[in-house]
Structure formats: structure tokens, C-alpha cells
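> Each chain is listed here by its residues.
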Amino acid sequence: MGILENLYKMTAIQDIIGNPGYLLMLAIGSFLLYLGIRKQYEPLLLVPIAFGVILANLPGGSMGVVAAEFVDLGGGHSKNLLDIAHDYGIMNFLYYALIKTGFLPPIIFMGIGALTDFGPMLRNLKLAFFGAAAQLGIFIVIIVAVLLGFTLKEAASLGIIGGADGPTAIYTTIKLAPHLLGPIAIAAYSYMALVPVIIPLVVKYTCSEKELRINMKEQDKKYPSKLVIKNMKAVKIAFPIVLGIVVSIFVPSSVPLLGMLLFGNLLKEIGTSVARLSEAATGSILNTATIFLGLTVGATMTAEVFLDFKTIMIIVGGFLAFAISIFGGIMAVKLTNLFSKKKINPLIGATGLSAVPMASRVANEIGLKYDSSNHLLQYCMSSNISGVIGSAVAAGVLISFLQ
Amino acid sequence: MFFCFNLILEIMSEMGVALELLGVGLITVFVILALVVVLGTLIIRFVNKFFGEEIKHLPKSSGNAIVAIGSKKLAAIVSAVSTITKGTGRVTNIEKN
Chain A
1 MGILENLYKM TAIQDIIGNP GYLLMLAIGS FLLYLGIRKQ YEPLLLVPIA
51 FGVILANLPG GSMGVVAAEF VDLGGGHSKN LLDIAHDYGI MNFLYYALIK
101 TGFLPPIIFM GIGALTDFGP MLRNLKLAFF GAAAQLGIFI VIIVAVLLGF
151 TLKEAASLGI IGGADGPTAI YTTIKLAPHL LGPIAIAAYS YMALVPVIIP
201 LVVKYTCSEK ELRINMKEQD KKYPSKLVIK NMKAVKIAFP IVLGIVVSIF
251 VPSSVPLLGM LLFGNLLKEI GTSVARLSEA ATGSILNTAT IFLGLTVGAT
301 MTAEVFLDFK TIMIIVGGFL AFAISIFGGI MAVKLTNLFS KKKINPLIGA
351 TGLSAVPMAS RVANEIGLKY DSSNHLLQYC MSSNISGVIG SAVAAGVLIS
401 FLQ
Chain B
1 MFFCFNLILE IMSEMGVALE LLGVGLITVF VILALVVVLG TLIIRFVNKF
51 FGEEIKHLPK SSGNAIVAIG SKKLAAIVSA VSTITKGTGR VTNIEKN
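Those protein sequence lines, which keep their order, are chains A and B.
For the first sequence, the numbering used here gives the first residue as 1, with consecutive numbering after it.
For the second sequence, the numbering used here gives the first residue as 1, with consecutive numbering after it.
Think of the hints as simulated: they come from the structure by calculation, not from any bench.
It should be emphasised that the depicted structure is a prediction, and the values quoted were computed from it without experimental measurement.
It is possible that part of the hints are untrue.
Unchecked claim - Quick list of in silico lysine to any residue cross-link-like pairs, SDA-like style, CA-CA up to 25 Å:
hint	chain 1	residue 1	chain 2	residue 2
1	A	Lys342	A	Ile229
2	B	Lys72	A	Ser373
3	A	Lys310	B	Met12
4	A	Lys126	B	Lys72
5	A	Lys226	B	Arg45
6	A	Lys222	B	Thr41
7	A	Lys342	B	Ala34
8	A	Lys233	A	Ala275
9	A	Lys217	B	Ala34
10	B	Lys49	A	Ile241
11	A	Lys233	B	Met15
12	A	Lys126	B	Leu42
13	A	Lys334	B	Ile84
14	A	Lys342	B	Phe5
15	A	Lys217	B	Thr41
16	A	Lys310	B	Phe5
17	B	Lys72	A	Lys9
18	A	Lys230	B	Leu35
19	A	Lys233	B	Ile84
Stated by the list, open to error - A few chain A residues facing chain B, derived, Cβ under 10 Å:
hint	residue
20	Gly89
21	Phe139
22	Thr151
23	Val251
24	Val255
25	Thr272
26	Asn337
27	Val393
To be verified - Beyond 10 Å from chain B on every Cβ pair, some chain A residues (computed):
hint	residue
28	Pro20
29	Ala132
30	Gln135
31	Leu201
32	Glu211
33	Asn231
34	Val247
Where a beta carbon is used, it is the ideal one built from N, C-alpha and C, also for glycine.
Isolated chain A, as found in the complex:
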């Protein structure tokens, strides 16, 4: 009998009976895995996050991330990493070393930069403005969230979901409201995966058929650009260097994200002589960073943290931020069309989100439905890429204001 009792105590069964929330979290983790594997919703991140959720909610596994007060020694001092690993396990070691320090999001941005082509934006520079209008959702949702009882820092972390940029959302949340990291990361990546659903939904209620039929190539023929790029390679090399320096002067707090993005991009554009670095940034480094980011963010979602009313508010608020951002971009195009001879398809405003290139692909498909010769991809990519810069700048503003 004693042996059986000891065996029972050794298992996690009594913990699960004592706190059924574990089972619910395991179900949520499994559901997220289903979305990632079967539905292909951002699988590169959703699969590690979902598995992190499962690992964190296996009682006795010591894989759940503990709150910051557990490692705080008072007087501005924290436990060192060895103590954290010893007291709370390897997942906490990874979280406090890689996430809490804000290390991984800029590293991921470097990889994204090395995968990004600024060419479409440089060819259609004026369309870059719509990447600013599409940040509207971030700031509107901050106001709504404050009214609903969130603190300013929590509201800002919630609002940044509207930038549609996972690493930016994670970085801002680490800086402002780390206790909300799990639900915010899940909401950000889930809505990014749902871009093919959200953009058509907002477009349906805000754009007329006539507007969606605006053919950009025809508009270009009617009103050709005066600026011709003779040497794109040289422009592409100079652009990240000059932009990085200038932006860092105006919004220094955006440098960790934007600086690394532009550095990654520079590696790509230099070409053969640094090809090994570019390959590392887009390959092994990006993949490794993604694995650790996903697992550790998932591991923050323990039953005690996730099963909270605020999580539901974050899911709803995230959707609102996303939809308002798309709406903001569309309205900015409509406003421009009132004053400009050269008309712009409002789908280009809808892609002012960061979700590159999915938002552009979705907008291109919508455009082709109304006019099979209206290929909008290159134009959408312009506002889409500027959206990456816009959301990183918005994050910088929030951090410098509220931290």
C-alpha cells in the first residue's frame, strides 16, 4: 500500500486533480498545435509556442516560467542565471537570459531584415506613408484598454498587437508588461495568421467596388513617376545605413529593433562578400532564435497566469487593434484620393500592417478578383514594408514614454 502511495505521489495526477486548470492549459496547447500543424497558422512560431505551453503545464516538470518577483532580490538586484537555473529549471534560465533581457526580438529582426527587400518600397516611395496610417489601431486600443481598467503599460503592450509584428509586440511587452507576454504573443501571432480573414472582412465594409477596381499600372501610365532609379543596388546599400542613422537620432528607443533590421538588410544587399553572414542571419541564427523565443514565450503561459479575465480582453483588444489599423490605412488612401489626381487602390492602405508579405499577398488576391490585370503586389509591398518600420517606431515611442 505504501509503495502504491509513493508511486501516486511521484506522478502528476494529484497536482492535476488539485488544479484542473492544468488540463485546460494542456487542451489549449494541443489546440494551438493543431492550428499550427494542421491549419498552418504561422507554424514556425505557433508550434514552438504551443509546445512551450504544454511543457509549462506539466505539473512537476519545472518548465513553467515564474514571475519576476521570484527572482527579484530587492534593491534593484536579481538572482544570477545559475541560481535561476538551479531554483526554477532550464526554461527559466532561457527565459531570463534570452527574453527578459530583450535579446531575441532584435536578433529575429536582424534575420527579417536580411530577408526583406526594400526595392518595392524604393520604387513606390510615396506609398510608404500608408504604413504610418495603419498604426492607428495601436494608439486607439491603448485608449480603449485604459478605459477598461488596464494600466498604461499593459494597454500599450495590448495596443502594439495592432502593429501586426510578432517580435515588436514581444519586445514591447517584455519592456512594459512582461506578465502579459504569453497572451499577447499568442494574440499577435494568431491574428497575423488570420490576416487572410481580417483584411477581406475590413475591406468588405469600407471599400466600394469602384475603389477596388483602381488599376495601379494604368495610373502609373497616366501619371508616370519623375524619379527613375538608375542603380538600385547602390541605393539599396545606402538606404539602410542612412535611414538607421537618421531614425536613431529621432527615436533612439527604436534602435534595438530597427537598427538590427537595417543591419540584416545591409548584409543582404552587400551581396557576395558577406553572403556567409547573411546566410547565418536568415538561417541558423533566425531559426535558433525562433525556437527559443517560441518555447520560452509559450512557457510563460502557466494556468495561473493565462486563465484570467485579462487574457480574454487581450484576445478581443488584439482583434480590435488589428482591424482599426487596417481601417486606418484604408481611410488614409481614401483621404489621399480626394486630393490627388493619381488614384490609389485602397487595398494598398490595408497592407500598411507589418505582416509581410502575407498582407500584400492577400490584398493582391482581392484586387485580382475585381480586375484580373490589376497586380497590386509590388505596390502593397511598399506600404507593407514601411509598416514594419512604422510599428518599430511606434514601439519605440511607447517604450520611451512609458518605461
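Using the hints, position chain B against chain A.
Same frame as chain A, but now just chain B:
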């Protein structure tokens, strides 16, 4: 009652900051993207003036073989060779077997 009043005051104060963030945030993003547009234009003008046209490494015309292949196919082959060899390779001759 006093607690409620304090709570309302606190939310009002935070609302003020949130509204300020709306203004400052959106203006900053617009200014930075305006800078992107201005800097981009300046860089393009500068490069056009001082660097000249980009030299594209097209293969030397080596007779009828290339002409027979067609410009689109030729561009695709040049691009593929450039990608695979990371810009180091050159197409010097294309022959059909």
C-alpha cells in the same frame, strides 16, 4: 465612494497620457516615414548623379544560340546562375544539345 472617485481620477489621468500618446505616437510615425520618403528620394538622386547606371552582367552575344533562346529565357538563365553562384558566376555561352 471616495475609492470610486480616486479610481475615476486615476483613469482620467491615464486617459490624458493615452491621448497624448495617440498624438505624439502617430505624428512621430508619420515624421519618420516622411523621412524615409525624403531620404529615399535624396539617396536615389545622389546615386543617379554620382554612381551612374547599374552594370548588368549580361552574357556576351555569342552568335545565334542566344538569339534563338529568347530574351525571357535568357534572363531566367542569367538570374538562376547568379542566384546559385551567389553573383560570382557568369553566363558566357548557351548551347542547345
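> Now tell me if each hint is right for this structure.
These are the hints, each one checked on the structure:
1. A:Lys342 <-> A:Ile229: Answer holds: A:Lys342 to A:Ile229 is near 20 Å, not above 25 Å.
2. B:Lys72 <-> A:Ser373: Roughly 20 Å between the alpha carbons, so the hint for B:Lys72 and A:Ser373 holds.
3. A:Lys310 <-> B:Met12: This hinted pair holds, its Cα atoms lying about 21 Å apart.
4. A:Lys126 <-> B:Lys72: 30 Å, violated
5. A:Lys226 <-> B:Arg45: Holds - the C-alpha atoms of B:Arg45 and A:Lys226 are around 11 Å apart, at most 25 Å.
6. A:Lys222 <-> B:Thr41: 21 Å, holds
7. A:Lys342 <-> B:Ala34: Holds: A:Lys342 and B:Ala34 sit about 19 Å apart, inside 25 Å.
8. A:Lys233 <-> A:Ala275: The hint holds at about 15 Å.
9. A:Lys217 <-> B:Ala34: 24 Å, holds
10. B:Lys49 <-> A:Ile241: 19 Å, holds
11. A:Lys233 <-> B:Met15: Violated - the C-alpha atoms of B:Met15 and A:Lys233 are around 47 Å apart, more than 25 Å.
12. A:Lys126 <-> B:Leu42: 13 Å, holds
13. A:Lys334 <-> B:Ile84: Violated - the C-alpha atoms of B:Ile84 and A:Lys334 are around 44 Å apart, more than 25 Å.
14. A:Lys342 <-> B:Phe5: 53 Å, violated
15. A:Lys217 <-> B:Thr41: 21 Å, holds
16. A:Lys310 <-> B:Phe5: 23 Å, holds
17. B:Lys72 <-> A:Lys9: Violated - the C-alpha atoms of A:Lys9 and B:Lys72 are around 72 Å apart, more than 25 Å.
18. A:Lys230 <-> B:Leu35: 21 Å, holds
19. A:Lys233 <-> B:Ile84: 19 Å, holds
20. Gly89: 37 Å, violated
21. Phe139: 4 Å, holds
22. Thr151: 7 Å, holds
23. Val251: Interface hint status for A:Val251: holds (6 Å vs cutoff 10 Å).
24. Val255: 12 Å, violated
25. Thr272: 4 Å, holds
26. Asn337: 18 Å, violated
27. Val393: 5 Å, holds
28. Pro20: 34 Å, holds
29. Ala132: Non-interface label fails for A:Ala132: nearest chain B Cβ at 4 Å, not farther than 10 Å.
30. Gln135: 5 Å, violated
31. Leu201: 24 Å, holds
32. Glu211: 23 Å, holds
33. Asn231: Check fails; 4 Å does not lie beyond 10 Å.
34. Val247: 6 Å, violated
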